[in-house]
Amino acid sequence: MSEEQYLAVAVEAAKNAGEIIRKGFYQTKNVEHKGQVDLVTETDKACEDLIFNHLRGQFPDHKFIGEETSAALGATADLTDEPTWIVDPLDGTTNFVHGFPFVCVSIGLTIGKIPTVGVVYNPIMNELFTAIRGKGAFLNGSPIKASSQDELVKALLVTEAGTKRDKNTVDDTTNRINKLLCKIRSIRMCGSLALNMCGVACGRLDLCYEMGFGGPWDVAAGAVILQEAGGHVFDPSGGEFDLMSRRMAGSNGLLKDKFVKELGDTN
Numbered sequence: 001m002s003e004e005q006y007l008a009v010a011v012e013a014a015k016n017a018g019e020i021i022r023k024g025f026y027q028t029k030n031v032e033h034k035g036q037v038d039l040v041t042e043t044d045k046a047c048e049d050l051i052f053n054h055l056r057g058q059f060p061d062h063k064f065i066g067e068e069t070s071a072a073l074g075a076t077a078d079l080t081d082e083p084t085w086i087v088d089p090l091d092g093t094t095n096f097v098h099g100f101p102f103v104c105v106s107i108g109l110t111i112g113k114i115p116t117v118g119v120v121y122n123p124i125m126n127e128l129f130t131a132i133r134g135k136g137a138f139l140n141g142s143p144i145k146a147s148s149q150d151e152l153v154k155a156l157l158v159t160e161a162g163t164k165r166d167k168n169t170v171d172d173t174t175n176r177i178n179k180l181l182c183k184i185r186s187i188r189m190c191g192s193l194a195l196n197m198c199g200v201a202c203g204r205l206d207l208c209y210e211m212g213f214g215g216p217w218d219v220a221a222g223a224v225i226l227q228e229a230g231g232h233v234f235d236p237s238g239g240e241f242d243l244m245s246r247r248m249a250g251s252n253g254l255l256k257d258k259f260v261k262e263l264g265d266t267n
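Position 165, counted from 1, in the sequence shown is what full-length UniProt numbering calls 165; the numbers after and before it change by one each time, with no gaps.
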């Protein structure tokens, strides 16, 4: 199959899962805790089952990594060179539980460990972000580009507080934010790393980063979308992005070096 066919199947899976999310968004949720503030709902599980069944039906020889499957096993599967679908069935579960419409389905395909196809779909706001490596990024079928902002002081940054609440982690997070806030225009926390990356990809935001997020399902789709929109995805140290590292930073095409310097100064 071609990459365009991979994308078409992933879009269909995302939209089908989006219907479940849209219906559940306005209903009472059955919520479980994976940690102190890390939540999971019946909708997460139903969407992952639907997506994997849909993809496996089309691509039985491909590999699969999913957030809820990994949580149930207590470990994330190794990433190999084989075509691998990496899925977050509902990124922004806390938002979903609270009725805050910043939620999405994230479906990424890696080939040779490289993010190659990305689909991020917010069914509440009806926004579908898509990309194929080397072929551009799109929002609802229209091409998107990262911003042309080249001044850090005018940049809008998005990050997250994470799910760990031990004092050392919270102190590290807030200290980093405090230092960065002195250098940029403002900071947002919206509750979905996949959508944060798409926000940079379409120029609504200029910078993003997160340390210690859940796993590759949070970034596999967003990475190809942001890169295809002319942005950069990299390790916060400035090094090469590692999909499995649970560390990422992203920028438009002009602010990477300045952003890396400021991130380094916050350590």
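No lab work stands behind these hints, which were simulated from the structure alone.
Idealized CB from N, CA, C, for every residue including glycine.
Where hints are given, some of them may not hold.
Here are the simulated lysine to any residue pairs, SDA-like style, with alpha carbons at most 20 angstroms apart [stated by the list, open to error]: (1) 256 <-> 149; (2) 23 <-> 135; (3) 135 <-> 97; (4) 15 <-> 76; (5) 63 <-> 124; (6) 179 <-> 124; (7) 29 <-> 135.
The following label-pair restraints were derived from C-beta to C-beta distances [said to hold, decoys possible]: (8) 100 <-> 78: 30 to 36 angstroms; (9) 143 <-> 175: 26 to 32 angstroms; (10) 60 <-> 170: 42 to 48 angstroms; (11) 31 <-> 125: 20 to 26 angstroms; (12) 125 <-> 151: 15 to 21 angstroms; (13) 175 <-> 94: 21 to 27 angstroms; (14) 261 <-> 27: 45 to 51 angstroms; (15) 135 <-> 244: 23 to 29 angstroms; (16) 30 <-> 125: 21 to 27 angstroms.
### Query
So which hints don't hold here, by number, going up?
2, 3, 4, 5, 6, 7, 9, 12
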